[in-house]
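Colleague: Take the sequences, apply the hints, and build the full model.
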Amino acid sequence: MNDKERVEMANWEYSDLEAGDPVTISGKIVGYVVHKVDDITGQQAYIVSDSPLPSNPTEDQLSAVKQVSVLYRGSSAELSLDALADWGMNDLLMANRISANMFGQGDKVSHKPTPQLIASARTLHNTMSTFPKASVFVYGQSLGSMDGQYAITDLSPKEQKRLIGAYLYEGPNIFPILTQEQQANARALNKLNKAFNYIDTKDVVTMGSYSKLTLAESVGNKVFIDSKWIKDPVKQHMWGGYQYDKSGNIIVKTKYVSDYAKQVTQAELSRIEDLRKKMSKSGGGLSSSEKLLLDAMEARSVVKGMQLIVDTELDDLKKKYSNAITEAENLWRDTKQQAAIIGQHISSSEQLSALSRGGATEHNIKTQQVNYYQDSITEIKGISDDYGTLVGQITAAIESQVSTDAELAHEIEGLL
Amino acid sequence: MKKIPVWGWAILILVVIGGVIGGTIYMQEQKNEQMQNEIMKVANSKEVEDIILSELSENDPHHKIKKLKILDETVHRSPMGGILFEGFVNDDESLKFNAGVNKEGNKYVGTNIAPKANLYKFLGLNEGSANE
Numbered sequence: 019m020n021d022k023e024r025v026e027m028a029n030w031e032y033s034d035l036e037a038g039d040p041v042t043i044s045g046k047i048v049g050y051v052v053h054k055v056d057d058i059t060g061q062q063a064y065i066v067s068d069s070p071l072p073s074n075p076t077e078d079q080l081s082a083v084k085q086v087s088v089l090y091r092g093s094s095a096e097l098s099l100d101a102l103a104d105w106g107m108n109d110l111l112m113a114n115r116i117s118a119n120m121f122g123q124g125d126k127v128s129h130k131p132t133p134q135l136i137a138s139a140r141t142l143h144n145t146m147s148t149f150p151k152a153s154v155f156v157y158g159q160s161l162g163s164m165d166g167q168y169a170i171t172d173l174s175p176k177e178q179k180r181l182i183g184a185y186l187y188e189g190p191n192i193f194p195i196l197t198q199e200q201q202a203n204a205r206a207l208n209k210l211n212k213a214f215n216y217i218d219t220k221d222v223v224t225m226g227s228y229s230k231l232t233l234a235e236s237v238g239n240k241v242f243i244d245s246k247w248i249k250d251p252v253k254q255h256m257w258g259g260y261q262y263d264k265s266g267n268i269i270v271k272t273k274y275v276s277d278y279a280k281q282v283t284q285a286e287l288s289r290i291e292d293l294r295k296k297m298s299k300s301g302g303g304l305s306s307s308e309k310l311l312l313d314a315m316e317a318r319s320v321v322k323g324m325q326l327i328v329d330t331e332l333d334d335l336k337k338k339y340s341n342a343i344t345e346a347e348n349l350w351r352d353t354k355q356q357a358a359i360i361g362q363h364i365s366s367s368e369q370l371s372a373l374s375r376g377g378a379t380e381h382n383i384k385t386q387q388v389n390y391y392q393d394s395i396t397e398i399k400g401i402s403d404d405y406g407t408l409v410g411q412i413t414a415a416i417e418s419q420v421s422t423d424a425e426l427a428h429e430i431e432g433l434l
Numbered sequence: 567m568k569k570i571p572v573w574g575w576a577i578l579i580l581v582v583i584g585g586v587i588g589g590t591i592y593m594q595e596q597k598n599e600q601m602q603n604e605i606m607k608v609a610n611s612k613e614v615e616d617i618i619l620s621e622l623s624e625n626d627p628h629h630k631i632k633k634l635k636i637l638d639e640t641v642h643r644s645p646m647g648g649i650l651f652e653g654f655v656n657d658d659e660s661l662k663f664n665a666g667v668n669k670e671g672n673k674y675v676g677t678n679i680a681p682k683a684n685l686y687k688f689l690g691l692n693e694g695s696a697n698e
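Residue numbers (the numbering used here), protein chains in the order written: chain A, 19 to 434; chain B, 567 to 698.
Keep in mind the hints are simulated off the structure, nothing from the lab.
Since the structure is predicted, the reported quantities are computational estimates derived from the model, not experimental observations.
Keep in mind that the hints are not guaranteed to be accurate.
[Claimed, not checked] As a list, the in silico DSSO-like pairs of lysine-lysine whose alpha-carbon atoms are at most 30 angstroms apart:
#, chain 1, residue 1, chain 2, residue 2
1, A, K354, A, K336
2, B, K597, A, K246
3, A, K176, A, K271
4, B, K597, A, K264
5, A, K246, A, K22
6, B, K635, B, K669
7, A, K246, A, K354
8, B, K597, A, K46
9, A, K246, B, K633
10, B, K568, A, K264
11, B, K669, A, K337
12, B, K673, B, K633
Modeller: Take a look at the structure:
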């Protein structure tokens, strides 16, 4: 799954789903709602499994589930009882606690988590025990991100192993209110690159709780994203949200992209490493085709990471260069205007030749600059395209290798 | 001229504050209503209908979906961007689907489009499932 697909997965939180409803990404069914949580603490969550289950599944059927996702819903948009429970009890309480911590008055307010956070931790524990063999993914946005942050730090070391990834969007930092043990868990998860905490740099409220930016500790590795919207309650934008590059990567602030690329690549590599161990254990070591497959997947992750950096830099350069191109054009226009004022009594061709005698030609001032910038953009775009082609080729090779092996295809599903 | 007593000022200030708050709420409601109308128009547009039909058809191997209708009361904005809503197919309100659209550049793109459990069964997708 890429970033864009993960956001679509997280966005299911805000659809009205019942047990049995399929969940899709780009129209393709990826899971089925097996349980809907809606409790008095205001917690709302969907548990999604990768295969459909009957309403009264047997233990064998539950054990057969290989992958589950927990989707925590954020604050309800409309004013309803849920919204009141969310904002009244949870957001305001948490805002008070988190802001007290920001301003160094942490000891004056209670550090206890809200009932909803505790309930959301229970949901994740229960999911882990209901589906004893499943790998687990966690998604959440806004208040749902806080639920997710809290839930994953409450996991035991054994449960933590089964957590494959947590993708949390635009939630205030809850690290300061965690117990020491939970904080240690958060650090462990961050080191393993298992959790990503996407922070909108335009969102004043959320950004505040991550003050000192890169320094503040957080649940999940911080990813500072460049969103399209302005979080202003008055200037509400109709459309908006996240921006992606052509490979579906979320656009990250250039300053932080190399860190993000490194973490994403590390996360994939460690999952491939786990797969390698698992494959080595079963059926007497790795076959040569399995080894080839794993090597190809590793290469793919590394190239994808590099492409991410190049693409982000490319976007940034494009912006800078298109500004520079406008400037060069303006400069030439201004030069001509100045010449027209000074040389009022001579013809425009005489003005131009006078300018060129002083070295100010359209070629020098405008064309040369514009060409230089465009050449540079083309060159970097070429590099990015090469990476893209390479990723495509490796992916195709991997896909053809697993096309005859359904079991193997399922193992590497989330990795392609 | 007679002096305005303190309580007079207090009432005056309260009236002004009340007016400002009321006015703001009224403006906000107007804006919300305008926005709600706009997203309802988008959800019911031909462009969006085509997007939904094409994505739903991916899970419609027997080509059973003939037409669709949006449930206006379900249209809402997602806090993650774009809009989400529900609808049903073939004039049968029990055959519901989930759907949504977002804007990329100047184009609408489908998001979170899936048949709900009943429609899923109707489309014959649960046949041959190991767990049923």
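Colleague: Hints first: check each against the structure and report whether it holds.
Modeller: Here's how the hints hold up against the structure:
Restraint check for K354/A and K336/A: satisfied, since their Cα atoms lie roughly 27 angstroms apart, inside the 30 angstroms limit. Note on K597/B and K246/A: the hinted pairing holds, with a Cα-Cα distance of about 21 angstroms set against a maximum of 30 angstroms. For the proposed pair K176/A and K271/A, the alpha carbon gap of about 35 angstroms is over 30 angstroms, so the pair is violated. Restraint check for K597/B and K264/A: the C-alpha separation of about 34 angstroms exceeds 30 angstroms, so the hint is violated.
Restraint check for K246/A and K22/A: satisfied, since their Cα atoms lie roughly 14 angstroms apart, inside the 30 angstroms limit. As the CA atoms of K635/B and K669/B are separated by approximately 21 angstroms, the hinted pair is consistent with the 30 angstroms bound. About 38 angstroms separates the Cα atoms of K246/A and K354/A, which puts this hinted pair outside 30 angstroms; it is violated. Distance check on the hinted pair: K597/B and K46/A sit about 36 angstroms apart at the alpha-carbon level, beyond 30 angstroms; violated.
For the given pair, K246/A sits about 34 angstroms from K633/B by alpha-carbon distance, which is inconsistent with the 30 angstroms threshold. Restraint check for K568/B and K264/A: not satisfied, since their Cα atoms lie roughly 74 angstroms apart, outside the 30 angstroms limit. Only pairs whose Cα atoms come within 30 angstroms are accepted, and K669/B paired with K337/A is accepted, the gap being roughly 21 angstroms. Of the supplied pair hints, the one linking K673/B and K633/B holds, its CA atoms being roughly 23 angstroms apart against a limit of 30 angstroms.
Hint violations for this structure: numbers 3, 4, 7, 8, 9, 10, all remaining hints satisfied.
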